[in-house]
Amino acid sequence: ALCCEIASQYHSEMGHEYISESLLDDALNLYTQWGCDVKINSIRSRRTSSMQSLEHRQKKQLSHREGTPSAAGDDEDFRKPADLIDFISVVRASQAISGEIVLSSLIDRLMKVVIESSGAENGILFIENENLGNITARAVSDGESIRVLRDNTEIDESLYPVSVINYVKRTWETVLLGDATVSPLFSGDRYIIDNRAGSILCIPVRHKTGMSVILYLENRLSTEVFNPSRMDVIYLLCSQIAISIENALNFEETNRIKESLRESEENYRILFENIQDVFYRSDTRGNVLLTSPSIFRVFGYKPEEITGVNIADIFYYNPEERQKLVEILDREGFVEDYEIALKKKDGTVINVSTNSHFYCNKKGQIAGVEGLIRDITARKNAEAQIMAEKERLAVTLRSIGEGVIVTDTNTGIILINRVAEKLTGYTQAEAYGRKLSDVFMIADSRGKNLCDEIMNDLLGSCSIIEIESGLNLTNRMNKNILIALSASPIRDDTGSLTGTAIVFRDITEKQRMEDELLKTQKLESISIFAGGIAHDFNNLLTGILGNVSLCKHNMADKTKIQKRLDEIENASLRAKDLTQQLLTFSRGGTPIKKTTSIVGLVMESAKFVLSGANVKCEYFIDDNVSTIEADEGQMNQVFNNILINARQAMPEGGIINIRIHNEKTSRTDDNSGADDYVCIKIEDHGTGIPKENLQRIFDPFFTTKDKGNGLGLATTYSIIKKHDGSISVMSEPGAGTSFTILLPASENSINNIIPADADGFSGNGKVLIMDDEDIILSVSSEMVELMGYEPVAAKDGNEVVTLYSEALEAGKPFDFVIMDLTIPGGTGGKEAIAKLRALDPGVKAIVSSGYSNDPVMSDYKSYGFSGIIVKPYKMEELRRLLRSMTDEKS
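Be aware that the sequence shown starts at 45, since it is given in the working numbering, and climbs by one per residue.
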């Protein structure tokens, strides 16, 4: 309004009455909107005088048009009739523009008025505003109508001379080209060349608010279109353009602010009406000024019931609490999560948490207190229940006799009860937050740490893990405790894993008592076993002695003597087998290994055991089964024992399935480090083994047979273990039994050369025999003598060395030396071989012993011996050994 008034005064002083009158109308309208009565009356009085002056000027112009002479002094106010009409129309157009307040409509009307009033064919309006960005509008006239095209993006540069627009933007000067094609500055513009633009006018309009407006006009048909009289009109319109656009922008911004304020108020209303907590505002004396509707749900009051009521009078259960809250507010200016007990309308006491602060008036003075109140009664009750539950749990954990440790999902310790404190040596305070593996150090019997492995399995599978034995806990004092353990996952209501619980107990005393009981049971078994062995040996000795007596009485009958000798031999071989079983089961019986085919051993045992029985074998053997390193005699015992049990389990006959194949596996009970094994599975379809006996079948002396001695499967288990293998059993009563044996595979192959038949072999030369038993010296000497050798006897190793040295010096060396491994109180073969090797590196020495536990027996070549023969032995065995050594020697 003020701008229009000032502009009106300026144009009045310049003699532009029509422009002045138009601007004065604008000012009057704006002051009327404001309600400025003094200004309105002042403008109306000035307008009356202005109108009288305008009428006077119009009469002069009309008299001049009719040829009426006028005074010379009136020539300064002379205007042509056409100009007068233009100015009147422009004033009206200016009024129409100023009356439009919507930006989009304003730009449409503005562009049409400019094209109509300026004589231009086309026009473009460029507006730059920091709030709205760039706005462009293009007006095109076809002589009958004017189309206005608006866009918020840049207009295609092919629609206007870019050089002209850039010049105006840079210099902020008006460019007026009567004929653009001959302009020295712009005639080279591509747009001017292509469109042969005639008249061009580009006017910059800058408003004091910083908004920039550029009006571009052109007429391609005529030159010199924008003459001085039209320029006055255009300048007038430009002054109105900037003002009107600014007003429209302000109008839009005002509407935007109003809409934003309306939305904000609506959001606040929705929030205020639906907030779950209670919002309140009080004055400095504590009188309630405002509350949210949620106060009814929390306290039972309607907002209008307590407006004006003092807070202290109705809410505080304990008045002292309000004083504490006020003191904190005075000191801090606010309270956060302050918990307090308040009363509801019905007198019920509830627990609440409040966040409150002072608020100030426009002068910055404290006007009162406002804040939020939250009902936390349910939470406090739940916390009380949890605390009570924790206390009950703590009492329970303290009273039980087992250790309990609770961890989070990262194995950090949360809780440890008193028994666990005693067993581990760590208190609850010391253990809390530490890793379980730092406090609960458990290992298996081989010393392998199992804590992390068990926790990984537990957290990974989320299933219960139970270990009843075989765990050692090393506590803080480095004391080892045998424990049993059960570990379980802990889940919340949603089923998510939240931690683990480990329950364990000290079984050291229990294990000691079980070991004592087992020892007692073994002693009882040994007592029974000793009687059984004595009975077996007495039977064998009876057979031997009885047959010897019969031979003496039947010296003349060779047929009867031969029969008795055969029985003596069989009884002796049975005694040998019984002795071998005892050695193998005991700490002796070290296997004398060599590369062999497991297939051949199994089939040989099956043929021997099942001969004449109503049971047969079916074989399922893979191609290229690996060889093994084994003691053939001991492995024969293994398969004999298993096959005998299988045959006895099927008294009505049946089939035994034998499966042999190579297998790759990693065994946790294996110390051999092997991955390649030969698997032998022997399955019968007999009566099966009761579940209560299944875990004891490998125990020494355990037997369910009337005539059994409990050594068969115990010996089998011992042999397999000494071969770095494993044996397991599965059985179902009535369905049969399956034994599975794993033996490390060998990389060696079997020598396929078949040894020559030793029957009828006879040699020549001398054999030195050393033993401390005269009967063995006598029998062995007679055996080698029958083979064609000259025997020489020695009682100990020293005598052997002396005799061997003398024979070397005489040039009559011994072909073979057979030495007992150990001589009680003297020098045995183990000591003598080193001396013999020193005398003769090529000595052919054979070690002989009835005790196979000595490492020499399992690795005789490393000690310098060339062969081995195990007592007791037959002449055929000694003959085969000497024959093979003779072949090697030759």
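A portion of the hints provided could be inaccurate.
[What the hints assert, rightly or not] Under the rule of at most 30 Å between Cα atoms (straight-line distance), these lysine-lysine pairs were calculated in the DSSO-like manner:
1. Lys810 <-> Lys839
2. Lys388 <-> Lys302
3. Lys620 <-> Lys554
4. Lys434 <-> Lys406
5. Lys554 <-> Lys407
6. Lys839 <-> Lys620
7. Lys735 <-> Lys563
8. Lys620 <-> Lys434
9. Lys492 <-> Lys765
10. Lys839 <-> Lys856
11. Lys918 <-> Lys638
12. Lys637 <-> Lys856
13. Lys660 <-> Lys735
14. Lys620 <-> Lys708
15. Lys651 <-> Lys765
16. Lys839 <-> Lys918
17. Lys810 <-> Lys765
18. Lys915 <-> Lys839
19. Lys479 <-> Lys563
[Claimed, not checked] Between beta-carbon pairs, the in silico distance windows are:
20. Cys506 <-> Leu315: 19 to 27 Å
21. Asp496 <-> Pro337: 55 to 63 Å
22. Ala473 <-> Asp501: 50 to 58 Å
23. Arg436 <-> Ala779: 36 to 44 Å
24. Asn792 <-> Phe581: 36 to 44 Å
25. Tyr403 <-> Arg462: 29 to 37 Å
Hints were generated in silico from the structure; no laboratory data involved. These numbers come from a predicted model, not from an experiment. Note that CB positions come from ideal geometry on N, CA and C, so glycine has one too.
key: Hints that the structure is at odds with (numbers, increasing)   = Those not satisfied are hints 2, 3, 4, 5, 8, 12, 14, 17, 19, 20, 22, 23, 25.
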